[in-house]
Structure formats: C-alpha cells, structure tokens
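Enquirer: The chain contents come next:
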Amino acid sequence: MTTVDLDAVREIAAAVDDPELPHVTIGDLGMVRTVALDAGRVHVTLTPTYTGCPATEEILADVRSALAAADIDAEVKMVMSPAWTTDWITTAGREKLRAAGIAPPAPAGEHPTVMLDLPVACPRCGSRRTRRLGDFGATACKAPFRCEACKEPFESFKSL
Amino acid sequence: MTDTSVLNASLLNHVLRHGDRALVLAQRLGQWVAHSPELEEDMALANISLDLLGQARVLYTYAAAVEGLGHDEDHFAYWREPGEFRNPLIVEQPNGDFAHTIARQFLHDAYAVAHWEAMRSSTDDTLAALANRAAKETSFHLRHSRGWLVRLGDGTDESHRRMQAGLDAMWPFAAELAARDDEEPLRQSGVVPDSGVRFAFDAEMASAVAEATLTAPERVDVATSGGGWDGAHSEHLPILLDELQVLARAHPGATW
Ligand SMILES: [Zn+2]
Numbered sequence: 001m002t003t004v005d006l007d008a009v010r011e012i013a014a015a016v017d018d019p020e021l022p023h024v025t026i027g028d029l030g031m032v033r034t035v036a037l038d039a040g041r042v043h044v045t046l047t048p049t050y051t052g053c054p055a056t057e058e059i060l061a062d063v064r065s066a067l068a069a070a071d072i073d074a075e076v077k078m079v080m081s082p083a084w085t086t087d088w089i090t091t092a093g094r095e096k097l098r099a100a101g102i103a104p105p106a107p108a109g110e111h112p113t114v115m116l117d118l119p120v121a122c123p124r125c126g127s128r129r130t131r132r133l134g135d136f137g138a139t140a141c142k143a144p145f146r147c148e149a150c151k152e153p154f155e156s157f158k159s160l
Numbered sequence: 161m162t163d164t165s166v167l168n169a170s171l172l173n174h175v176l177r178h179g180d181r182a183l184v185l186a187q188r189l190g191q192w193v194a195h196s197p198e199l200e201e202d203m204a205l206a207n208i209s210l211d212l213l214g215q216a217r218v219l220y221t222y223a224a225a226v227e228g229l230g231h232d233e234d235h236f237a238y239w240r241e242p243g244e245f246r247n248p249l250i251v252e253q254p255n256g257d258f259a260h261t262i263a264r265q266f267l268h269d270a271y272a273v274a275h276w277e278a279m280r281s282s283t284d285d286t287l288a289a290l291a292n293r294a295a296k297e298t299s300f301h302l303r304h305s306r307g308w309l310v311r312l313g314d315g316t317d318e319s320h321r322r323m324q325a326g327l328d329a330m331w332p333f334a335a336e337l338a339a340r341d342d343e344e345p346l347r348q349s350g351v352v353p354d355s356g357v358r359f360a361f362d363a364e365m366a367s368a369v370a371e372a373t374l375t376a377p378e379r380v381d382v383a384t385s386g387g388g389w390d391g392a393h394s395e396h397l398p399i400l401l402d403e404l405q406v407l408a409r410a411h412p413g414a415t416w
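Here the protein sequences come in this chain order: A and B. Numbering-wise, our numbering puts 100 at position 100 of the first sequence, and it's gapless, one number per residue. Numbering-wise, our numbering puts 372 at position 212 of the second sequence, and it's gapless, one number per residue.
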C-alpha cells in the first residue's frame, strides 16, 4: 500500500462492536484515541473503559481483524492515559444505549469520588421517578435501577 | 547502590505491594461467586473482583517494565512463592460469613479510595493514570461495602451481632494498611504523595462505624498485626495461591 487514508482506518476501527453492549460500537463509546502513521506503519490506540473490563482483549482482537480484512497493516494497542470517562460517549452512542434499554450516564464531573445520585430517567417511559437498586449490574459499567412509574427494571450506565 | 537504583527498587516494591493487594483480594472475592446471599451480590462481588484483577494486571505489567528482566504480568501472578507476595494481611483473610467479607471489604475499600485519590497526583505518569481510573472504580466498591456495613450493623439484633463480629475479626488487620515507613524515598520524590491517606482512611472508618451503630474495637499495634507488606504472611496465603497458580503451573506456557 502506498498511501493510507487515516480517516478510513479510524472509521473501520470505530465501527467495531462492543462485545457487551448490543449495537454499540467502540466509536460510539469514544474508545478510539489516536490513528497515526509512523515509519510507514499505521498505529491505532484505544482507551479501555473499565480497568478490569473482560472485553478488552476481545476488542483488541476485533479491531486487528477488522483492519486486516481491509488489508491494513496496523499496530493496535490500549493506552491507559488519559483515562477513559463516560463523557466521551457520543450523542449517537447515548441514543443507542437508551434504545437498548440502558439509561445513558450522567456527566461525570471533575471530582470522581463524590457519589451523587442524580435522577436517572427511565429509558422506556422517560420518568425520573426511578430508584437505584445497587452498584453493580450484569457488568461493572452498569448499575441496576427500577422505574417507579412503569415498574420496569433497567440498567443505567455508571458515570465514570 | 546509586540513588536511581534505590528509587527503582523502591518503586518495584511499591508496585508489587499494590498489585498483590488487588490480586489476592480479587481471588478471595471470586470464591463467593454462586455462594452469595442473593444473585445481585454474586454480580456485585464478581464485578468488584474483576475491577481488582484489572488493576493488578496493570500494576504487574508496570512492575515488569520497572524490573527490566523481561518478565510479564503472568510471572508475578503465577510464578512467585508466598514469601514473595507483599499484600497486606487483611486481603488474604478467609471469607468467613458474609459479614466478615463485608468488614474486610469495607476496611480495604476505605483505605484503597484514600490511596488512589492521593496517587492521582503522583509524579509517576503510569501510576497517576491508573489512579485516575482506580479512584473512581474503588469509590463504587466503597459505596457497596459501606452500604452493607450500615445495613447489617444498623439492622436486626442478629445482623448487628454478626456485623460486629466481622468487624472485630478484621479490625486488627486494618492498622497495617496505611502504615509503611519504608517508602520515604518515593514520598520525597512525589511518586507516592500519601501524606493525607491515613487521615482520610481513619475519618471514613470512624464515620461508617458510627453510622452502622457498631463499636470500633481497640487500636492495635502494627508491630504485632502487620508484616504482610514485607512478605510475612498467615497460613491462609499459601492455600489461596495454590488454587490461583495450579493451572498455570501444571501447564506452563499454556494460553486460554
Ligand atoms: Zn419507566
């Protein structure tokens, strides 16, 4: 390959699905950090969401194979710094979460250990009469809630 | 040794202490899976365990880089002997009943939040980046463990009695957590800016124990209750490590 379209590389990487969130891509989550050309090789860096997210290895493998399928030889790795925050989730990503029945995260704010229970809107009926049932849902990134209006349980993406 | 190599050895020791703290507690919590009082707790304890495992992996990978001997994260988890582990004693204590586990987790989390909050301003870029994330993750762990401490302590007579018993059993091991006098070089160079940790840790313990209507046991002397940070462990650690390491040791080099 003589020329590499870095925008196209970013697009391919960003289109890879997150293994744990239905129809949400890693681009939607804001995980694609940099796409750059260095010494003739494409370098892609991703930011992991949670430190212990078991999907991290799978995402790396998926991005590598998506790029390989497009005939792009790239070095793909995770970088820790700067740390990912839920504020990087795109508007489209937030809509997809809501459509999948997961309440999108509230703004994370500056100070991480202030645990504010901001009212979370039910992704089904939109009511803010909801109650947090715990700190951990099926995955570490979500917390279980219940809507007092429509009585349905749902999960909310934690602000981080 | 030169100043640089003293600092380097000190940094490696610090990184392994916290990697071991996270790994050993992750393994203990993993033992609860499918045994918790309710399904939600299975998920909570498993997710906390995964967060800790993720923190341990980052720390071990960094330890390998600091050490410079070509090891990887697996080396530190699977190929060291109990005496080489430097975790504080509290994390290797057996799960006991749910109240014992909650007492252990609360004391650990109260310390861990204070630790990571302080480490966010570390002059070491890798540790500061991990701290930014770990401070947030750990604050969710603390909200969970403190929530249970209060719910059980300020609950029925029976739950109060058992929560107090759990706290009494784990309390002696809390003293060691914020007491490490040999990291002075790291403090001076700003790698471990932990001057406020003990104060924040003590304040969190005092307020939670009061809210839970529990009684704080007597202070204990670190000289008689510590040693874990330096590799002096209880009989519980070798058994835990046997289980953790058996597969990797039976099939060296295997991947899964
Ligand atoms: Zn609703």
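The set of hints was computed from the structure by calculation and includes no laboratory data. Computed from a predicted model, the values in this text were never measured in an experiment. Among the hints, a few may not be true.
Unchecked claim - Restraint ranges, calculated between C-beta atoms of paired labels, are given here:
hint, chain 1, residue 1, chain 2, residue 2, range
1, A, C150, B, G315, 17 to 23 Å
2, A, R129, B, L199, 23 to 29 Å
3, B, P345, A, L133, 43 to 49 Å
4, A, A108, B, S394, 38 to 44 Å
5, B, D234, A, R132, 34 to 40 Å
6, B, S367, A, T91, 35 to 41 Å
7, B, D342, A, C150, 56 to 62 Å
8, A, V79, B, D390, 45 to 51 Å
9, A, T91, B, S165, 49 to 55 Å
Heads up, the beta-carbon is just placed ideally off N, CA and C, and yes, glycines get one too.
Enquirer: Against each hint, give a clear statement of whether it holds in the structure.
Expert: Against the structure, the hints come out as follows:
For the pair C150 (chain A) and G315 (chain B), the supplied restraint of 17 to 23 Å is violated, since their beta-carbon distance comes to about 31 Å. Taking the beta carbon of each, R129 (chain A) and L199 (chain B) are about 25 Å apart, inside 23 to 29 Å as hinted. As the Cβ distance of P345 (chain B) to L133 (chain A) is approximately 46 Å, the hint placing it in 43 to 49 Å holds. Taken as a hint, the range 38 to 44 Å holds for the pair A108 (chain A) and S394 (chain B), whose Cβ atoms sit roughly 39 Å apart.
Between D234 (chain B) and R132 (chain A) the beta carbon distance is about 37 Å. The supplied range of 34 to 40 Å therefore holds. At roughly 39 Å, the beta-carbon separation of S367 (chain B) and T91 (chain A) lies within the given 35 to 41 Å, and the hint holds. At about 57 Å, the CB distance of D342 (chain B) to C150 (chain A) agrees with the hint of 56 to 62 Å. In this structure, V79 (chain A) and D390 (chain B) break the distance hint of 45 to 51 Å, their C-beta atoms being roughly 33 Å apart.
A hinted range of 49 to 55 Å holds for the C-beta pair T91 (chain A) and S165 (chain B), which are about 51 Å apart.
Hint check: violations occur at hints 1, 8; the rest are consistent with the structure.
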